[in-house]
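Engineer: Start from the sequences and build out the full structure, keeping to the hints where you can.
Residue numbers (the numbering used here): 570 to 1027.
Heads up, a few of these hints could be off.
30 Å max Cα-Cα, derived DSS-like pairs, lysine-lysine [to be verified]:
(1) Lys-670 x Lys-845
(2) Lys-845 x Lys-668
(3) Lys-850 x Lys-667
(4) Lys-790 x Lys-920
(5) Lys-753 x Lys-790
(6) Lys-845 x Lys-667
(7) Lys-790 x Lys-670
(8) Lys-753 x Lys-763
(9) Lys-850 x Lys-668
It is worth saying that the hints were derived from the structure and are not from the lab.
Predicted, not measured: the structure shown is a model, and the values here were computed from it.
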Amino acid sequence: MNPILIQEIRFHLARGDKKVIQEFAEDFHPAMLAEFVGPMNAPDLASFLQCLPPLQRGEVFSYLEVPVQVNLAHSMRRDQLAELVTNMSPDERADLVKKLKEETLEALWPALAWAEREDIRRLSGYAEGTAGAVMTTDYVTLLPNQTAREAIDSIRREAPDRETIYYAYVLGQDRELIGSTSLKDLILARPETKVEELMVPNPISVRLSDDKEQVAITIGKYDLLAIPVVDDDGRIVGIITVDDIVDVVQDEATEDMQKAGGMMALDDPYLNTTFKRMFSKRAGWLATLFVGEMLTATAMGYFEGEIAKAVVLALFVPLIISSGGNAGSQASTLVIRAMALGEVTLRDWWKVFWRELSVGFVLGGLLGVIGFSRVVIWQSIYPMYGEHYMLIALTVMTSLIGVVTFGTLAGSLLPFVLRRFGMDPASASAPFVATLVDVTGLIIYFGSAMLLLRGTLL
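Structural biologist: Set out below in C-alpha cells:
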C-alpha cells in the first residue's frame, strides 16, 4: 500500500469528505480496496468502511485478512459489526465468529437476526477440514414441475441473496437433491419446458463429512463452478463454490509446504504470527530432528576405529549421506503429492515399492559412476588417496548405490506408514527423511568399507 495514498485517505476522513471517499472506492474492486486499506489502524479503517454503501462495505470487509477482520470487529460498535456480519457470505461469517472474543460475540449475538444466528450455529458445528465447514447455505433451488420461465423468474427474485446463480438445484418433496441445471440451459430452453426435462439427474455431490481436499479434487475433476453438499439422507444442505475451493487449495498447499520444511503448519499469515506461536510451531520438530541427528554421532562413534585407520573415508561422509537424503526427499515429495491428488492410495504401496526400488537403484548407479570417476580423476591430478584408491572409489560407488536406493525407498514408503496410522503424509518432511537416511547411510557406507577394504586399509 502506498503510504501517500493512506495519508490522503486519512486526510479526507479527518475532513469528513464522505463523497470523495465513495468516488475513490467506486474505481476499485473490493479486493483491491481491502489490500489498500488493510494496513490502516482499526479506527481509521472503521471510519473508511462507514463511508461506503452497505453492500460495498460488506464486500470490502470480507476481503480483509482474517486477523484484520477480528481486530476491527473488537473495536467496532455492535450495530456496525452486526451489519457487516449480516452482509458476509454464510461460510465467511461462521469463520469470523469462531475467532471473536467471548465478550465481542456476546455483544454481537442479540444484534443478529434469528436466521443468521441459526446459520452461524449450524455451520460452526461442522468439523474443521470438512465440506460442511467450507460450504455456504446461499444457493438457488427449483422444483421439477416448474417451467423454464417460472424458474428464471424465481432465480431473478433470489439472485441478490445468493452466492452464485450459475447452477440451480432441483429438489424433491423432502428436499432431497434429484437434479441440477444451469442458468444457461434455462435461458436457452423454450419458456414452457419443464425443469425436469432440462435437469441433469443425480448430479455430482459431496457429503458433509468429506475432506475438503477431496472436494477440491472432485471439483477439478468434473470442471465444476460449484458442487452441492448433501447429508446422509441425500438432502441438500449447502454448496461449495470454486472461489472457496481456490482458498482451500492455497491453504492446503501452504500447510503441506510448511510441514515439508520440518515444522508444524502456521494458522495465520507469516507476519501476523506472534513470536511465541512461531517458536512453538518450529521448536518441536527442530528439537526432534536434532535428537534424531544425534544418532549420526553415535553411528560415527561406532566406526571410530575404521575412521582412525583410514581417515580418507571421512572425506566422503557428507557426499554419501547428502545424496541419500536428497533422493529420499525427492521420492517423499512425489508420493505425498500423488496422495494429495488421489493418484496413489494405501493399496498401491507395493507398486510404489517396486517402482522406487528400480528408480533408486538406477539413480544410485548414476551417482556411483560419478563418484567413482571423481576419485579416479582426482587421484590422477592430486594423488591423495594412496595406492588403494581404486578400492576407495569402488567403496564410494557401492555405498552411493545402496544409500540412494535406501533413501528412495524410505522417502516413498514413509508417507504410506503415516497415512496408515491416520497421520498427515506431509509430515514425512524432507528434513525427517534426511535425518533417517543420514544414520542408515553411515551404516551402509562404513559397512561397505569394512567389506571392500578389509586387509588393505582396514
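Engineer: Please go over all the hints and tell whether each is borne out by the structure.
Structural biologist: Hint-by-hint comparison with the structure:
A threshold of 30 Å between alpha carbons decides the hint, and for Lys-670 with Lys-845 the separation of about 20 Å falls inside it, so the pair holds. This hinted pair checks out: Lys-845 and Lys-668 have alpha carbons roughly 19 Å apart, not beyond 30 Å. Between the alpha carbons of Lys-850 and Lys-667 the distance comes to roughly 21 Å, so the proposed pair stays at or under 30 Å and holds. Taking the CA atoms of Lys-790 and Lys-920, the gap is about 24 Å. The hint holds against a cut of 30 Å.
Taking the CA atoms of Lys-753 and Lys-790, the gap is near 21 Å; set against the 30 Å cutoff, the hint holds. At most 30 Å may separate the alpha-carbon atoms for a hinted pair to count; Lys-845 and Lys-667 meet this at roughly 21 Å. Under the criterion of a C-alpha separation no larger than 30 Å, the hint pairing Lys-790 with Lys-670 is inconsistent with the structure, at around 39 Å. Note on Lys-753 and Lys-763: the hinted pairing holds, with a Cα-Cα distance of about 15 Å set against a maximum of 30 Å.
Straight-line distance between C-alpha atoms of Lys-850 and Lys-668 comes to about 19 Å, which keeps the hinted pair within the 30 Å bound.
When the structure is compared with the earlier hints, a violation turns up for hint 7 alone.
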